[in-house]
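**Student:** Given next are the chains, with one letter for each unit.
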Amino acid sequence: MPMSADREIAVDYLARVEGEGAMYLKLRDDEVIDLKFKIFEPPRFFEAFLRGRKFSEAPDITARICGICPIAYQMSSCNAMEHAAGVHVAGQLAALRRLIYCGEWIESHALHVYFLHAPDFLGYNSAIDMAKDFPEQVQMGLRLKKVGNQIMILLGGREIHPINLRVGGFYRVPTKRELESLVPELEWALDAAVNTARWVAEFPFPEFERDYEFVALQHPEEYAIHQGRIVSNGGLDIAVDEWEEHFEETQVEWSNALHARLRERGSYHVGPMARYSLNSDQLTPTAKRAAEDAGLGPVCTNPFRSIVVRAVEIAFACEEALRLIDAYERPTEPFVPVEPNGRVGYGASEAPRGILYHRYEVDEEGLIADAHIVPPTSQNQLSIEDDLKAYVPGHAHLSDEQLQWQLEQAIRNYDPCISCATHFLDLTVERDAAGS
Amino acid sequence: MKRLVIGLGNPYRRDDAAGLEVARRVRTVEAHQRMTSSYELIDLWEGADDVIIVDATRSGAPAGTVRHFHPLQEALPNRAFSSTHAIGIAETIEMARQLNRLPAQIVVYGIETGDITAGTTMSPVVEQAVMRVAEEIDHA
Chain A
9 MPMSADREIA
19 VDYLARVEGE
29 GAMYLKLRDD
39 EVIDLKFKIF
49 EPPRFFEAFL
59 RGRKFSEAPD
69 ITARICGICP
79 IAYQMSSCNA
89 MEHAAGVHVA
99 GQLAALRRLI
109 YCGEWIESHA
119 LHVYFLHAPD
129 FLGYNSAIDM
139 AKDFPEQVQM
149 GLRLKKVGNQ
159 IMILLGGREI
169 HPINLRVGGF
179 YRVPTKRELE
189 SLVPELEWAL
199 DAAVNTARWV
209 AEFPFPEFER
219 DYEFVALQHP
229 EEYAIHQGRI
239 VSNGGLDIAV
249 DEWEEHFEET
259 QVEWSNALHA
269 RLRERGSYHV
279 GPMARYSLNS
289 DQLTPTAKRA
299 AEDAGLGPVC
309 TNPFRSIVVR
319 AVEIAFACEE
329 ALRLIDAYER
339 PTEPFVPVEP
349 NGRVGYGASE
359 APRGILYHRY
369 EVDEEGLIAD
379 AHIVPPTSQN
389 QLSIEDDLKA
399 YVPGHAHLSD
409 EQLQWQLEQA
419 IRNYDPCISC
429 ATHFLDLTVE
439 RDAAGS
Chain B
160 MKRLVIGLGN
170 PYRRDDAAGL
180 EVARRVRTVE
190 AHQRMTSSYE
200 LIDLWEGADD
210 VIIVDATRSG
220 APAGTVRHFH
230 PLQEALPNRA
240 FSSTHAIGIA
250 ETIEMARQLN
260 RLPAQIVVYG
270 IETGDITAGT
280 TMSPVVEQAV
290 MRVAEEIDHA
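Heads up: the sequence lines are chains A and B, in that order. Here the numbering used here is used: the first sequence runs in plain steps of one and ends on residue 444. Here the numbering used here is used: the second sequence runs in plain steps of one and ends on residue 299.
The hints are simulated quantities; they were obtained by calculation from the structure and are not laboratory data. In this text the structure is predicted, and so the values were computed from the model without any measurement. For glycine and all other residues, C-beta sits at the position ideal for the given N, C-alpha and C. One thing to keep in mind: the hints can contain errors.
[To be verified] Distance condition first, Cα-Cα at most 20 Å in a straight line; then the derived SDA-like pairs of lysine to any residue:
no., chain 1, residue 1, chain 2, residue 2
1, A, Lys34, A, Asp20
2, B, Lys161, B, Glu295
3, A, Lys140, B, Lys161
4, A, Lys154, B, Gln192
5, A, Lys140, B, Ile246
6, A, Lys154, B, Leu231
7, A, Lys154, B, Leu203
8, A, Lys154, B, Asn259
9, A, Lys184, A, Glu337
10, A, Lys62, A, Arg271
11, A, Lys296, A, Val344
12, A, Lys154, B, Glu295
13, A, Lys154, A, Tyr179
14, A, Lys154, B, Gly206
[Unchecked claim] Across the chosen pairs, the derived CB separations fall in these ranges:
no., chain 1, residue 1, chain 2, residue 2, range
15, A, Arg273, B, Gln232, 53 to 61 Å
16, A, Asn133, B, Thr276, 28 to 36 Å
17, A, Asp141, B, Thr187, 36 to 44 Å
18, B, Asp208, A, Arg180, 31 to 39 Å
19, B, Ala263, A, Lys184, 35 to 43 Å
20, A, Asp141, B, Gly278, 54 to 62 Å
21, B, Asp274, A, Asp137, 32 to 40 Å
Work out the full structure: start from the sequences and follow the hints.
**Tutor:** Right under this line is the structure:
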């Protein structure tokens, strides 16, 4: 009988992810004995220190959870407070929110596509090494990211933790002329994004498909970003305030981030692939063409191809931003009054990495009595582990080094933001001798 | 010839603010304060011929020690300049080198920190170092 061997692959600090995490894998032949995607970023206690703060402080406090996706936190918390007050922010104020969110998608996706994920496919350890051989692409990535930042600066006051968003709208709304200053770079960026999609579509993709339950916001009139119902390809179609009836969070000892699951069906997938697969018919025309040219069907189930979906979403966000600027008329008031006192509010929006859910209980004095925040990466933890478990058996013949590389790449398919989910990623593969 | 000072740091981590404080105090040179040291700096120094970067260091030297680094001659020691936010100044400079976007002259001042706990006041020795560096830049 051939001697089978257990192998152990451990990555103690995962690189090119936002935050601190690790991976551990134990294999016997091609069988996975143990696999853990570990988040050891220390807990950050945001939900606890929101208690007792004024409801109006939630957007600025929660924005500090993430330097990459602060707008997501600001939008989800504003949505929740407005929901509590029964206020719906519409018209040009909603358009401006969508516009600044496009800025965040552009900067976050450009960072991930060019600097975090592309090196995996091209065989480089870092974007700096990749820049030696692909200087034009890296310059393009830098400039794309800058375009996203410029939208955030113009509407938000600064690109990291913007200061101009508030419950009900903005502190100051821009003039049309100010917004039009963004147009030339956005036109360049739209072209660049189409070229990006073309470039990444040629990367070598491992053959790997999974039957995901995709969960994303959906809105009848638009490719959902800042508002919508929560839907899935498994038949889910609920209002945001029904989240807790359908989803639950459980604690596991190897992660400082709670694992979210569908109560009835377990693991699910949020992020660009979920959005694209549920809503691709609502993309803007150029983004649709880019998707077609890149060979994406209406649904994408190979997580390695998420890099192509991100590039398509950059094109979408640029085209959508141009449309919003063209249709802009400066609102007379920068915000609508919101009084959520004594109520409970629910809010969700599509962070670059997927749905970000917030729930707040506000007391009679307008102070936050309870806060609940579920970031996209905690929702994707189970899906990440399921991907790795499904990927390993067909690839166990690879050397530890190759297997580790591909598994790390598979984790980066999700653009995990571990800081949000709690913060960093670190991989162990263990193979040990049979009978030991 | 365009000179530019970029001060880096976190204003809420005491001595880590040393670079920001130098940028705030220089009088004769265009100066920017930045809380992050990411690739955006490459755009910030575009068009400048002589760039001075001031950042806090943690190398184990006595607090207030000022060191000069010359990235055109050799890479920065990554460990001394690490950032808690993924991309530190050492990596940004290496990226700029790959893209041929380093300025004609660039010097990095590292001011060694003592106390980087939460707070907005610096240790006296680091404050003295900040004053020395600002003066040195103003009178260069």
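**Student:** Broken hints, numbered, in rising order?
**Tutor:** 3, 6, 10, 11, 12, 13, 20
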